[in-house]
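Starting from the structure of chain F, add chain L where the hints point.
Going down the list, the sequences are from chains F and L.
By the numbering used here, the letter at position 73 of the first sequence is numbered 73, and the numbering carries on one by one without gaps.
The number in the numbering used here is simply the position in the second sequence, starting from 1, with 254 added.
Incorrect hints may appear among the rest.
Partial pick of chain F residues on the chain L-facing surface, computed with a CB cut under 10 Å [unchecked claim]:
{"#": "1", "residue": "G49"}
{"#": "2", "residue": "G52"}
{"#": "3", "residue": "G53"}
{"#": "4", "residue": "L54"}
{"#": "5", "residue": "L73"}
{"#": "6", "residue": "D82"}
{"#": "7", "residue": "L86"}
{"#": "8", "residue": "L129"}
{"#": "9", "residue": "P130"}
{"#": "10", "residue": "L163"}
Treat the hints as calculated values from the structure; they're not laboratory data.
Quick caveat: nothing in here was measured; it's all calculated off a predicted structure.
Quick reminder that beta carbons are idealized off the backbone N, C-alpha and C, glycines included.
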Amino acid sequence: MAPVRLIVERVSHGYGALEVLDDISLTVEEGEILAIIGPSGCGKSTLLGILGGLLKPSKGRVLTDGSAPEGSLNPITYIFQDFALLPWRSVAGNVAFALEHRRLGAREREARIDEVLAKIGLRDFASALPRQLSGGMRQRVGIARALAVRPAILLLDEPLSALDAQTREILIEEFLALWLAHRTTAVYVTHNLDEALRLADRVCVLSRRPGRIREMVAVDVGRQDRTPARLAPLRERLWRSIQDEARAADREYV
Amino acid sequence: MSEPLRFRGGGFVTRPKPISSCLAGLAVVAIWQAVASAGWVSPVFLPSPAGIARALAEMALSGQLWRHLAASLQRILLGFALGSAAGLAFGLALGLLSHARAAGLPIVSALFPIPKIALLPLFILWFGIGEPSKVATIALGVFFPMAIATYSGVDQVPRTLIRMAQSFDVPTHAVVAKVILPGALPGILSGVRISASIALILVVAAEMIGAEFGVGAFILTAGNLMRTEDLLAGVCLLSILGLAVGFLVSLAERRLLAWR
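The following block holds chain F by itself, in its conformation from the complex (with noise of 0.2 Å):
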């Protein structure tokens, strides 16, 4: 499998008169996870909608580097934060949805949408409708769909935002296993600081609006290494970077 490099070329956005996005450059390299955080409001978002192309930059480019992996159907694939499942389908038809315009035999379809709902533990679930899961379901749910199109760059917005505590624990043990075993690039938009340090490589932080890269911070511990103890000094260091700017764009109008 060939992972792929992401590169971000001096991109700037904006909303009419509003300023979003202030010349961002930056690579995400193969197979790594790149953490984007920054204060509500920073763009972040709106970045991560540029780097899967469902938003055009006003200035700027991002190129792709490097080929998909095979079998890949949609290079570059989102997790969203609100799950986006259509409610009128089952768990299956969900995933199903990712793969029906592509060319894939029926059966080929088939086998991979039960590949992905037996690695993520939901096959029992594969008839149910959205409304009769709990929120980690429907973003388990979420993952299937992405890792049945196989990409080579995933894009993770705020995917964990919409779930309570203990899930969202759960959810970041298994998403790390997943991801230990695919290696897949990853750009991972969070305002948790914790689910930055604990998934990462290296966490970018973005200032209030216009987001512009306020730093670069490499996460020097190893994966299997990253208990509370040892971020402590990292999570403090990110804390004191975005602790003033968070206060202010609290008190901002929106």
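Frame of chain F, contents of chain L only:
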């Protein structure tokens, strides 16, 4: 000193009480029948429920009922089919295309409040007194609420579902067919409910202006002949028709919107 906590919750919740529902209905009919039987009111002004039931039975046996009902249903079905198909297509365009919305929405908003029965004389001039003018009135009456319900249904589809579909490179026609239409279905079905009752109003009004057969024509004739029992039998028929339509829409909602 301890004392039991005072309960202050409860109330403000209604529960189904089927016995009360039945009793209320029976009571209304019983009082009505008693007033009529006592002879306090002339049967020409207020016939008894039993008399109305008899009139209905006679209509059914003589075949009159079916003839009038068939004429009305045919107009409703045809007008509703034409108007709702056009309204659906137009509403979809209003919801999806900026130019269609900019051009069409002010026009729809301006024409929507016109009571469509006011246009029947114009349609009679255009299409003659026969079926086409009645069907056109119903179709037009159905068109506007369907267009508006579809348009707002499309507007209510969560943007994130559309973005999700785009992020998986789902082609535009499939986004419309598999995301936007099913997502707009709750709005569309409530449009169906509203426009079905509008169709019922319009068919009666149109039949009163000029028709040989149809429930509206039957009621008007009965009134002209002071046959109040027949008149109210026709009204009962309309009530049953309205209830049946509502029941069908509810059935469709239960089947098609089970995912909610």
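Item to check | Supplied contact hint for G53 of chain F, tested at 10 Å Cβ to chain L | outcome: holds, 8 Å
Checklist entry - Can the hint on L163 of chain F be confirmed by a CB-to-CB distance to chain L that is less than 10 Å? => result At 16 Å from the nearest chain L Cβ, L163 of chain F fails the 10 Å test, so the hint is violated.
Next on the checklist: Quick check on the hint: L86 of chain F CB to chain L CB, less than 10 Å?
Outcome noted: L86 of chain F check passes; min Cβ-Cβ to chain L is 7 Å, inside 10 Å.
Checklist entry - Are L129 of chain F and chain L close enough, Cβ to Cβ, to be under 10 Å, as the hint says? => result Cβ of L129 of chain F sits 5 Å from chain L, so the hint holds.
Next on the checklist: Under 10 Å is the threshold here; is the Cβ of L73 of chain F close enough to any Cβ of chain L for the hint to stand?
Outcome noted: Hint holds; L73 of chain F Cβ to chain L Cβ min 8 Å, cut 10 Å.
Next on the checklist: Holds or violated: the hint that L54 of chain F contacts chain L, with Cβ atoms closer than 10 Å.
Outcome noted: holds, 6 Å
Next on the checklist: Can you verify the interface hint for D82 of chain F: is its Cβ closer than 10 Å to any Cβ in chain L?
Outcome noted: holds, 6 Å
Checklist entry - If you take the shortest Cβ to Cβ gap from G49 of chain F to chain L, is it below 10 Å? => result G49 of chain F check passes; min Cβ-Cβ to chain L is 8 Å, inside 10 Å.
Checklist entry - Does G52 of chain F pass the interface hint, meaning its C-beta sits closer than 10 Å to a C-beta of chain L? => result holds, 6 Å
Checklist entry - Holds or violated: P130 of chain F as interface residue toward chain L, Cβ cutoff 10 Å? => result With a minimum Cβ separation of about 8 Å from chain L (threshold 10 Å), the hint on P130 of chain F holds.
The structure does not agree with numbered hint 10 stated previously, though it agrees with all others.
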